[in-house]
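Could you fit the two chains together into a complex? Lean on the hints.
Line by line, the protein sequences are chains Z and X.
All residue numbers for the first sequence refer to this note's numbering, where the first residue is 7 and numbers rise by one.
All residue numbers for the second sequence refer to this note's numbering, where the first residue is 334 and numbers rise by one.
Worth flagging that the hints you see were computed from the coordinates, not collected in a lab.
Heads up, some of the hints might be wrong.
[Unchecked claim] With a straight-line Cα cutoff of 25 angstroms, these simulated SDA-like cross-link-like pairs (lysine to any residue) come out:
id	chain 1	residue 1	chain 2	residue 2
1	Z	K121	Z	K367
2	Z	K256	X	F385
3	X	K561	X	A593
4	X	K450	Z	A72
5	Z	K254	Z	L168
6	X	K602	Z	L168
7	Z	K367	Z	S315
8	Z	K79	X	K561
9	Z	K114	X	D429
10	X	K602	X	T559
11	X	K602	X	S522
12	Z	K79	X	Q437
13	X	K450	Z	P382
14	Z	K121	X	E398
[Claimed, not checked] Restraint ranges, calculated between C-beta atoms of paired labels, are given here:
id	chain 1	residue 1	chain 2	residue 2	range
15	X	A510	Z	Y77	34 to 44 angstroms
16	Z	A78	X	P451	26 to 36 angstroms
17	X	K561	Z	A140	41 to 51 angstroms
18	Z	I160	X	K561	51 to 61 angstroms
19	Z	T345	X	F464	16 to 26 angstroms
[Said to hold, decoys possible] Where chain X lies over chain Z, by a calculated footprint (3+ residues, C-beta under 8 angstroms):
id	stretch
20	165 to 174
21	211 to 225
These figures come from a predicted structure and were not determined experimentally.
Beta carbons: idealized from backbone N, C-alpha and C, even for Gly.
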Amino acid sequence: MCRRVLPTAILVLLAALGPVPSRAGPVNPDISILGQPCMRWTNDTFDASAKRVTFDQGEVEMVFDAYLNPYAKGYFVTSLAADGFSLEEGYFTLLRGLPGNLQVKGGKYRVGFGKLNPMHPHTVPFADRPRVLAAYLPGEESFDETGVSVSERIPLPGTSSLTASGGWLQGDTFRIPRGPSSATNDPLLANAETGDRPSEARPAFVGNLSGFGQIGDRSGYELSLSAAGGTNNVAAGTRTYVYDAAAKLKLWTAPNSYLLVQAEVLELDRQNAEWDSAAVRYASTTVRPVGGYAYADYNFSPRYDAGLSYERYQQPTADQIWDQAFGAFVGLSLMEETTSFRLDWSHFMPDAPPGAAERPKAVDTVTLRVIFSMGPHKAHQF
Amino acid sequence: MSTTSPSVVLAAGLALLALVPGDAAARIRVVASITDLASIASSVGGDQVEAFAIARPNTDVHRVEVLPSYMVRVARADLYLEVGLGLDPWADGIIDGSRNVKLQVLDCSRDITPLEKPTQVNASMGDVHPFGNPHYWLDPRNGAIVAQEIAAELGRLDPAHAGAYAARAETFAKEAAACRARGQQMLASLPARALFTYHSSWVYFSHAFGLDIVGTAEPFPGIPPTAKHLAELVRIAKERKVPLLLQETYFSDDAGKFLARQTGLRMVKVAPSCQSPQAGSYLAHIEEVARLVSGASVAPGAEPRVKP
Numbered sequence: 007m008c009r010r011v012l013p014t015a016i017l018v019l020l021a022a023l024g025p026v027p028s029r030a031g032p033v034n035p036d037i038s039i040l041g042q043p044c045m046r047w048t049n050d051t052f053d054a055s056a057k058r059v060t061f062d063q064g065e066v067e068m069v070f071d072a073y074l075n076p077y078a079k080g081y082f083v084t085s086l087a088a089d090g091f092s093l094e095e096g097y098f099t100l101l102r103g104l105p106g107n108l109q110v111k112g113g114k115y116r117v118g119f120g121k122l123n124p125m126h127p128h129t130v131p132f133a134d135r136p137r138v139l140a141a142y143l144p145g146e147e148s149f150d151e152t153g154v155s156v157s158e159r160i161p162l163p164g165t166s167s168l169t170a171s172g173g174w175l176q177g178d179t180f181r182i183p184r185g186p187s188s189a190t191n192d193p194l195l196a197n198a199e200t201g202d203r204p205s206e207a208r209p210a211f212v213g214n215l216s217g218f219g220q221i222g223d224r225s226g227y228e229l230s231l232s233a234a235g236g237t238n239n240v241a242a243g244t245r246t247y248v249y250d251a252a253a254k255l256k257l258w259t260a261p262n263s264y265l266l267v268q269a270e271v272l273e274l275d276r277q278n279a280e281w282d283s284a285a286v287r288y289a290s291t292t293v294r295p296v297g298g299y300a301y302a303d304y305n306f307s308p309r310y311d312a313g314l315s316y317e318r319y320q321q322p323t324a325d326q327i328w329d330q331a332f333g334a335f336v337g338l339s340l341m342e343e344t345t346s347f348r349l350d351w352s353h354f355m356p357d358a359p360p361g362a363a364e365r366p367k368a369v370d371t372v373t374l375r376v377i378f379s380m381g382p383h384k385a386h387q388f
Numbered sequence: 334m335s336t337t338s339p340s341v342v343l344a345a346g347l348a349l350l351a352l353v354p355g356d357a358a359a360r361i362r363v364v365a366s367i368t369d370l371a372s373i374a375s376s377v378g379g380d381q382v383e384a385f386a387i388a389r390p391n392t393d394v395h396r397v398e399v400l401p402s403y404m405v406r407v408a409r410a411d412l413y414l415e416v417g418l419g420l421d422p423w424a425d426g427i428i429d430g431s432r433n434v435k436l437q438v439l440d441c442s443r444d445i446t447p448l449e450k451p452t453q454v455n456a457s458m459g460d461v462h463p464f465g466n467p468h469y470w471l472d473p474r475n476g477a478i479v480a481q482e483i484a485a486e487l488g489r490l491d492p493a494h495a496g497a498y499a500a501r502a503e504t505f506a507k508e509a510a511a512c513r514a515r516g517q518q519m520l521a522s523l524p525a526r527a528l529f530t531y532h533s534s535w536v537y538f539s540h541a542f543g544l545d546i547v548g549t550a551e552p553f554p555g556i557p558p559t560a561k562h563l564a565e566l567v568r569i570a571k572e573r574k575v576p577l578l579l580q581e582t583y584f585s586d587d588a589g590k591f592l593a594r595q596t597g598l599r600m601v602k603v604a605p606s607c608q609s610p611q612a613g614s615y616l617a618h619i620e621e622v623a624r625l626v627s628g629a630s631v632a633p634g635a636e637p638r639v640k641p
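Just chain X, with the same shape it has in the complex (with noise of 0.2 angstroms):
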């Protein structure tokens, strides 16, 4: 019977331990509820983050599905980053299951000022988030907010690197007002600033680019446009010339179609989120939205950043 030195297995365990990158233990791992937050956190952590979101770019926000896998993800991560304002109570439900005692969970909505806070709110008056509208990470400004709020909450995290996280939440801050700018130079060729919505979920976007919502395919938020209320939005079109409709990817094109061919105004469909959590992925979408929105095309033998 042969048996085996224990030279050997320390040896191998060793070999099996040097396998194993070193920075990889040392990094600190994020799970973010939407691609942008996990991009932004990419951006402040650099090399010394990880990290994952829980929803795809085209997926509907407000509906996700907690999977136990996602728990398992949750289970290993330090900090979870929350769109907050009531978008992904869903989250909870990830968190709880993750048993994760160490996790750190940050409300990225902390510091924001929401828009379109109601006063009241009930179900006659549709999907209304109480706390107000919570798709607010499609204003660059409010991106370099939450890049603040990372920097610090990294930095609690991993004091060592703290000044590291507050330096690129600087430099964060620097190329989300670029990228407003660029937006703002590209946007002011639109012959009328007036544009629909499908949901009210370019509140943001529109406030940090100068336009005007003038009206939303849905009669109210979550509600499927009517024909009483499309009709009333061709009268608008027309009267108001706007020139598109700005919706997300995962609606319904009927109503689009049918506002197109009654005033020839523009569908305009695109994520409400990046494509990816890496770095730089969050500010491309903005500039790309802005870039759709303006009807500009992309320079030839140039792709574009972000697919919508």
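Okay, chain Z solo, but in the shape it has when bound (with noise of 0.2 angstroms):
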């Protein structure tokens, strides 16, 4: 009941906000509220929908910011989707005025981790993040965490910029539910809720060292490297690490066209527990899966992008096989970036497994997705 109440009493006060001006006021924050719905189309066969178009009311996120002092910002993002409404991220940063110039930031946040994590979803010119983010970071659609993270800019001669940052994280992201032994020793036999100690927490920390160079006026390069580490099993200590190098290059190439180059290349480390029945005691697997993707997107004019992608990681599972996917997006904004088209093809090839007398089928998927945002933050792309 609450969940249906609260989404609608918010939808009413904001419609009520409506008539204020977009930018903040001496009371109000900024309000956006950006809709994603889309149309999509699979021929996997796997999928109920499987060769049938179907719509798809997307995710409704709304975004409230504004300063809360000289020194100190705050955002807020919800979403309202199908399963609910829920906060994406609610966060302070304390911008300056701490010693030694640190940046603190505080909450619920997507977690500086690569190039592609820290970005919501409208910002990105394809449908779907990559599958190796899905298959390596955790967290179900990102990874974001309630922690606190402290950044420096590490001074260099000239105008490049070098940061560092490091985080304490909750680290609720990193836990793997552990299915069920069939030894009858098995603390989750003994008690289900309770057997894996699941509802402690052990922090988590994730670091990240990011460089910034300029080319010319406008272009640039960004390198940088992350590393997270927490506990996926309090139970048996068993841990998750994950590793990534990441490289940008955006150059512009006219006045209003530029072409932007990423790519991410990401280690995962992790042990998974399992129950050693003759031992009587947590024993674990270790799996160390490669992996990585790379896109490059031309924006020929302020409205118009078109680009490739590809990427390829081997499945975080024993058997470590590599999967690919190939895509292809182009991308329209109507009237400036309060409304986007973003047309979206990919190729999957997922790899056979040992043994299997033929490979997988592989699997198209085309979505158009619809991007219109009301209030200051737009359908940008970064």
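Next comes the structure, spelled out in structure tokens:
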């Protein structure tokens, strides 16, 4: 009941705020609402709607942001989707005035890991985040956590920028539920709710080093290294580590057009918790898959873009077989960036499991997203 | 094992310090959102000021990407000059990212009387700025007001030279008045005062020089031209004998070429901002725009002071 009433109440409240100018007033934050409905077609035989066009209301994002005082800002992103209402992000940032020019961020936020994870889906030119991120990073839709992070800019000569950041996270997204074994002495059989102590928290960490160099007046490149680690099963003491190296190049080729190329390589180092019934204790196996993605997006005018993507990665399973996918996408923004259409085709080629007679069939998916925004936060690309 | 004498290290350090220009350390570092504000700061600040502009003269100031290198520049700055009136909200990202707690921020629109201030705003009106048209620097009289604001701010940062800043702002105001007078003289030869602009960014320029904007290529601010709207402009151009379309260099030529074919009007493409943050560039640009609009040619052998 509450799940239905709360979103409705919020929408009524936002509608009442409608006539207020979109920029923040003395008491009101900037308020933006982004809708992201989509049409999808796939030939994936595991999809109940295979080979039929389906419509999806998508996720409605509501963004609230404002200065809290001269030294700090606050930011909230809430999401309303078919599965209910949720807080995607809600954090404060202490921008200036701290010793050593440190910046501090606290609350729930998309973790600053790699290049793509911190970005919201409406800012990327393709429909779905790369599968390698979904397979390796903690979290269901993104690696987002409650915690605190501190960042510092390391002085360099000229105008190059190097920023180091470190975060202490609650670690909830690292948790991986373990299926019970057939052993009678498995703690999960004794108590499925508390056997692996799933309600206990173990802190996680994230670190990032990110550099930027300008090329000419407006172009630039970014390089970053990230690492994150946390406990995936408290009772077993098994841990997950993820490492990431990312590069981004944005080259302006004319006053109104640019080429963006971005790539990330990731390595997952994960201990999977198991129960050793003979020794009556937890055991683990380790997987260390690697993978990555790359894409190029050419914005040939302020409102049009087209690009290609590719990813290849090992599945985080014992056999670590290689999956890969190609993609192509085009985008059109009507009337500035308040309404954008993004068409995406993806060709996914899963590898054959060991011993399989033949390779699984490739899956084609076509998605048309419409992103429309009200308020100052546009359907911009980053 | 050899050791280096402390006196040698000290001497080397002093020699390195001697290579650093003394006045460079003492200069006030100013970063501005646009070259025009930086140029005015250079005129007012003289040798005591080092100015840099974020947006290039040929880029759309509404859409400036926040680069970390800009934050590094602002981290070392003493004063940031914002355009204000909602034109450069991206400057907040640069200022916040700079982490510079000593930075003073001056909204240069503070003492400007904005034109086209709407009584109500919503997106059906296009990209309308709720606080008024923000392209005020294209009127040299507003340039003089900004010079006074900057002089006062520089005087607060550097009281020892406050008198010099105020005096240079006065001189700048006289130069701005002379620039306007020369522009008006050039534009007096225009057969008609009516003109089209692509975007509603030349309102202050037209106000300063007695021109009459009778239409914009964009049907609403920020909305690309439509066939129906261009047909209406063709009708207006023929009815009112509109001689020219004034547009920024970064907009597409298509609408202007169409109007030129249909009505014979002249398309004048010009950057909305001056070429450099150096002193003199701002007024030279205003005068150059007036010359281009008037259709007057540059005197033989004379180089245009500002490249459009």
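To see whether the hints hold, each was checked on the structure:
Pair hint K121/Z plus K367/Z does not hold up; C-alpha atoms about 31 angstroms apart against a cutoff of 25 angstroms. Between K256/Z and F385/X the alpha-carbon distance is near 23 angstroms, which keeps this suggested pair within the 25 angstroms criterion. About 16 angstroms separates the Cα atoms of K561/X and A593/X, which keeps this hinted pair within 25 angstroms; it holds. At most 25 angstroms may separate the alpha-carbon atoms for a hinted pair to count; K450/X and A72/Z meet this at roughly 24 angstroms.
At most 25 angstroms may separate the alpha-carbon atoms for a hinted pair to count; K254/Z and L168/Z meet this at roughly 15 angstroms. Proposed proximity of K602/X and L168/Z is contradicted: the alpha carbons are some 39 angstroms apart, above 25 angstroms. Among the hinted pairs, K367/Z with S315/Z is consistent with the structure: their alpha-carbon atoms are about 20 angstroms apart, no more than 25 angstroms. Restraint check for K79/Z and K561/X: the C-alpha separation of about 44 angstroms exceeds 25 angstroms, so the hint is violated.
For the given pair, K114/Z sits about 20 angstroms from D429/X by alpha-carbon distance, which is consistent with the 25 angstroms threshold. Distance check on the hinted pair: K602/X and T559/X sit about 20 angstroms apart at the alpha-carbon level, within 25 angstroms; holds. Between K602/X and S522/X, the direct Cα distance comes to roughly 20 angstroms. Compliance with the 25 angstroms bound is thereby established for this hinted pair. A distance of roughly 18 angstroms separates the Cα atoms of K79/Z and Q437/X; the hinted pair therefore holds under the 25 angstroms criterion.
For the suggested pair K450/X and P382/Z, the alpha carbons sit about 19 angstroms apart, so the restraint of at most 25 angstroms is met. Restraint check for K121/Z and E398/X: satisfied, since their Cα atoms lie roughly 17 angstroms apart, inside the 25 angstroms limit. Remark: the range hint 34 to 44 angstroms for A510/X to Y77/Z is upheld by a beta-carbon distance near 42 angstroms. With their beta carbons about 31 angstroms apart, A78/Z and P451/X fall inside the hinted range of 26 to 36 angstroms.
In this structure the supplied range 41 to 51 angstroms holds for K561/X paired with A140/Z, their Cβ-Cβ distance being about 46 angstroms. The beta-carbon spacing between I160/Z and K561/X, approximately 55 angstroms, falls within the hinted interval of 51 to 61 angstroms. Between T345/Z and F464/X the beta carbons are some 25 angstroms apart, a value that agrees with the proposed interval 16 to 26 angstroms. Interface restraint, the stretch 165 to 174 of chain Z with chain X: holds (4 residues with C-beta to C-beta distance below 8 angstroms; minimum three).
Given as covered by chain X, the stretch 211 to 225 of chain Z passes the check, having 5 residues with a CB less than 8 angstroms from a CB of that chain where 3 are the minimum.
In terms of the numbered hints stated before, the structure departs from hints 1, 6 and 8, listed from lowest to highest.
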